[in-house]
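All chains should be built: construct the whole structure from the sequences, respecting the hints.
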Amino acid sequence: MRYVDEYRAPDAVRVLLDRVSGLLQEIAPASPLQIMEFCGGHTHAIFRFGLHQTLPEGSVEWVHGPGCPVCVLPRESIDTAIDLARRPGVTLTTFGDVLRVPGTRQSLLQAAAEGADVRVVYSPLDALALAREHPDREIVFLAIGFETTMPATALTLLQAVREGLGNFSLLCRHITTPAAVRAVLQGPDPALDGVIAPGHVATVLGSAAFDFIPRDYRLPVVVSGFEPVDLLHALERLLLQRLEGRCAVENGYARAVREQGLPPALDAIGRVYELRGEAGWRGLGRIADSAVRLRTEYADFDAERRFGSRPTPASGEEPLPCGEVMRGRLRPPQCPWFGTRCRPDAPLGALMVSAEGACAAYHRYRGSSAP
Amino acid sequence: MTGGRITLAHGSGGRAMGELVRELFLEVFDDPELRRLDDLARLEPAAGGRLGFTTDCHVITPPIFPGGDIGRLAVCGTVNDLAVGGAEPQALSCGFVLEEGLELALLERIVRSMKAAAREAGVRIVAGDTKVVRRGEADRIYITTAGVGWIAAGTALGPERIRPGDRLLVSGPVGDHGAAVLDARGELSMEVGLDSDCRPLASLARALLAACGPGLRAMRDPTRGGLTAVLNEFARHCGCRLEVEEEAVPVREAVRGVCELLGLDPFDLPCEGVLLAVVDPAQAGQALEVLRSHPDGAHAQLIGEAGRAGEPEVVVRTPYGGQRLLDQPLGDPLPRIC
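Order-wise, the sequence lines are chains Y and F.
Numbering (my numbering) for the first sequence: 1 to 371.
Numbering (my numbering) for the second sequence: 372 to 709.
Check the hints yourself; a few may be wrong.
Claimed, not checked - For each label pair, taking beta carbons as the anchor points, the in silico distance ranges come out as: (1) F/E631 to Y/R162: 29 to 35 Å; (2) F/L411 to Y/D5: 54 to 60 Å; (3) F/G385 to Y/V4: 55 to 61 Å.
Claimed, not checked - Computed, partial: chain F to chain Y, Cβ under 10 Å: (4) E624; (5) G628; (6) E631; (7) L633.
Unchecked claim - Facing chain F, a subset of chain Y residues (Cβ under 10 Å, in silico): (8) R8; (9) A9; (10) G50; (11) L51.
I should point out that these hints are in silico values taken from the structure, not numbers from a laboratory.
Keep in mind it's a predicted model, so treat the numbers as computed, not measured.
Every residue, glycine too, gets a C-beta built ideally from N, C-alpha and C.
Shown next as structure tokens:
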């Protein structure tokens, strides 16, 4: 498979491992270096390929950031989606990962078992196709994700507008990466030594979108792809920056990422969304300017406006330490509920739901040694 | 029988049903026991040994997919359950649930495909039943098959017989069925050109059993839940840690591609024509040779071994020196795949 095999080749990985080990020896850190991978895709890849077990023991600790969009989806979003899915004539569509995320009382999967019409789609275009095939039903797409999925939702919306599909609407719960990165870095005691920036988000936004990290927080940043060679290459460049006493954004994913991003995607985002202002993140609380909503000209396609949005149930933050895990202050197995009351088959916190959630990844791929 | 559709009359027990049974099922399945139209089939037991008995429901959508159809699947599914248990498949029964409005031509195609698969597997279809439900109460066609087979005296297969050091083998690339059916549903807009591996495994299982004897500890066909589910089940039963080399497990390029795009693990995808065998280490080489010299096992591979006892878990060793736990998939990522 092109663009995959060459980035998974064991020989190339061994060469990089040797070089990284050499650099780690040269740096000889007193305590393990704290490297944050923001993106859930990176967390998943590190565990799937067992990369955390290949570095010299005690040299690097991976800090798993809040970059799994399913994991940070607040209960209110699930509650609103369930409310819509229960209404007569409404079909709620979304990605499969979202179904098991716990809401205040239940998940979408449980609501579906009680008769709510919930369907899994692979792409927002599938939801659009459903709207065409079922003109008698209201098709709502629960749109989640960072800048990675924003353009696809936006282009789908523009297509619906062109076709004048009156029975299609969006429950827009897209969130923005830079705001979340800031929220994590601003917190007390992140004590990081470097950041691996998300390759897919950077493909859309451009690597320059992360310039604020070295500028405001004095941390080296390397944008990375999702294969073993990508991640080790990114780690190598972070270590080199540290050795040379530099802090900059470097692009380690040049086959996909440009400095200024992807103009058609950025254009679609700009046309369709505006900042929502403050938004709730599961585990992290409310973060300013961290979510988008549809612009007023697309109000007809906004499910919340079309169906009347329910007041958010005034439920406080759940008493779970998920936020501490996402800020890197607590490792998943250190959580008192990990693997006991909070398991992939019965998640309390959303980090246990998605394959990209740090807790689910720990649980699923726990090997002989923890990273 | 061409033209026309299934109506509620075809399940009524009246004339329409009689015609369907005579002109389609009796004609195609062509078995003397079935032709008696009695309430049961009578079979001669083999001398000695034991009776293997199993059943399997099939609800796959779409009913026709590249490399097979629900009829072929219904025969292979039950034949393979018998075969990997060490039974020589003898006879099947089949129960049809048909939706009002089903095209008769589609039903005929499926029934003929069942007969062809049964012939391949050397098994008779000796009993059957048909029910018709109203439009919307089922999705076109569901088929349940039950099957019996003779287990020769002295044959004892089962995961509880697995010992530390035993070797794990698969008879071919994994995940073809799951990826082919996903593709056939047209939800992926990919058209990857994959065929399901749906095939009877009776002959392959027989060859392996004959060659290894008691050195063959256990066999299983990794259908729902794929290799992951079977390995975990084996680990639980034998109490050993099972270790798999990721690089050694054969996976077709197109299957890997589908999995990469959808975030699926090929080890979790169902197969319908592959068996996983656990053999005594002394016989692993011979077992691999037997599999590879059989047309249904040409791409067989040695994929790992049973490790120490007391740690019933499955571990995948990555080619980079790391490892990960291969945990049971949660729920069903791919509903109605078999």
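How the hints compare with the structure:
{"no.": "1", "hint": "F/E631 to Y/R162: 29 to 35 Å", "result": "holds (31 Å)"}
{"no.": "2", "hint": "F/L411 to Y/D5: 54 to 60 Å", "result": "holds (56 Å)"}
{"no.": "3", "hint": "F/G385 to Y/V4: 55 to 61 Å", "result": "holds (59 Å)"}
{"no.": "4", "hint": "E624", "result": "holds (6 Å)"}
{"no.": "5", "hint": "G628", "result": "holds (6 Å)"}
{"no.": "6", "hint": "E631", "result": "holds (6 Å)"}
{"no.": "7", "hint": "L633", "result": "holds (7 Å)"}
{"no.": "8", "hint": "R8", "result": "holds (8 Å)"}
{"no.": "9", "hint": "A9", "result": "holds (9 Å)"}
{"no.": "10", "hint": "G50", "result": "holds (2 Å)"}
{"no.": "11", "hint": "L51", "result": "holds (6 Å)"}
The structure meets every hint from the earlier list without exception.
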